[in-house]
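Engineer: Listed below are the residues making up each chain.
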Amino acid sequence: MITDFQRDELKEVVNIGAGNACTALSKMLGKKIGFASPNVFVDQAEQVWPLLGNPADVVSVVLLKIVGDVSGVIVIVLPAKDAIVAARVLTDNHRKYFDFLDDFDRSALKESGNILSGASLSALSKFLDMNILQSVPEVATDMLGAVMGSIMVDVNNDKEYILVFNIDLDIEGMAKGKLFFMFDPKASEKILEATQKKML
Amino acid sequence: MKREVTVNMGEMAIGGGDLILQTNGVGSCLVITMFDDVIKIGGLAHAMLPGRHVAGIAVTKILQEKDGIYTGEAKYVEEAMERLVTGIVEQGGVAERLHVKLIGGARMFHLLTASNFTVGMQNVESAKTKLLDMQIPLESEDTGGTIGRSVGIDLSNGLVTVRSVM
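Respectively, the protein sequence lines represent chains A and B. With positions in the first sequence counted from 1, the corresponding number in our numbering is that position plus 58. With positions in the second sequence counted from 1, the corresponding number in our numbering is that position plus 418.
Think of the hints as simulated: they come from the structure by calculation, not from any bench. Watch out, some of these pointers could steer you wrong.
So the derived list for chain A, only partly shown, Cβ under 8 Å to chain B, looks like this [as the list claims (entries may be wrong)]:
| # | residue |
| --- | --- |
| 1 | GLU196 |
| 2 | ALA198 |
| 3 | THR199 |
| 4 | GLY203 |
| 5 | SER208 |
Cβ atoms here follow ideal geometry from the backbone N, Cα and C, with glycine treated the same way.
Chain A with its partners taken away, still in its complex shape (with noise of 0.2 Å):
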């Protein structure tokens, strides 16, 4: 289980990482991007679902592998038409019409999930004395459950404990997601093992 102090820890590690990101991604664009202070918890993988929202829904993903000393993925959930807005706003309107994501849009967002995780997780490798590597990125239209299940299923979704990163984003106050950090168990164990001897 997670202390209220390893939460605070970790919580700040991850704050700094997401702030240095949006600062950086809103200094490129010209553009507002806010973002929450991130919400930090281990719970069973199952758990999470009720923060995403409803099965049906139809939801963009972008979607990035952590490989390196642990593993897990990074998401962002943006509801489809939050996505065509942000891929408006992250593009500075290059279409007249927006109502689908084309190739470019698709790589605006790929390109922003990049720069708001990498920041985030390289200081938190820093802060672990871990080597955390992230993949490519990949996005994804379609139903929610049937993006995120597949990707629940990668991390592990069933009664084990995992560690989660939740940070809401806002663009431009137009366009709103979530981004979200999930480790798998056995890494989750690692990251706050190390946590713990960080405190010592």
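Given chain A's structure and the hints, the job is docking chain B onto it.
Structural biologist: Showing chain B alone in chain A's frame:
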């Protein structure tokens, strides 16, 4: 008036009459529907993984009855199929008469599979192997691809509806 019941991921339901069993967002998961057209009783299971790899996690729930609907856990394809057949047979169905359909088993992300044998494909494979074991024919399937599906089965006539958003 038809009653619609939503079956969540990793769960199953068996019933009959005016019931419609509905499940949303089927990606790499596999939905198995079974229907006995003589006694008009059928079921739907939304399973996530092919089989149990880790021993020792006890199956806590067996089928529970509420308002004529039998529900239970169905995380694994193999177990879900066994439970569906037993559940329907217990209510007077005949295994040889079952109309079995498989839906799902898609590949949502290329990142998540190291090999070409995806979780979705493994789910479909294990379902087919299980059917062979139980000597029940497969009536039809809508599996594979890269899109999510929503599935419903009308238990008054056994009609299965598959929808996708993409």
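Engineer: Run every hint past the structure and note whether it holds.
Structural biologist: Outcome of the hint check:
The closest approach between the C-beta of GLU196(A) and any C-beta of chain B is roughly 5 Å, which is under the 8 Å cut-off, so the hint is satisfied. At about 6 Å, the closest approach between the beta carbon of ALA198(A) and any beta carbon in chain B falls short of 8 Å, and the interface hint on this residue holds. A hinted interface residue such as THR199(A) counts as satisfied when its beta carbon comes closer than 8 Å to some beta carbon of chain B; here the least separation is about 7 Å, so the hint holds. The beta carbon of GLY203(A) is positioned within 8 Å of a beta carbon in chain B (closest approach about 2 Å), and the interface hint is therefore held.
Hint status for SER208(A) relative to chain B: holds, with the closest Cβ pair at about 4 Å, below 8 Å.
Hint check: no violations occur; every hint is consistent with the structure.
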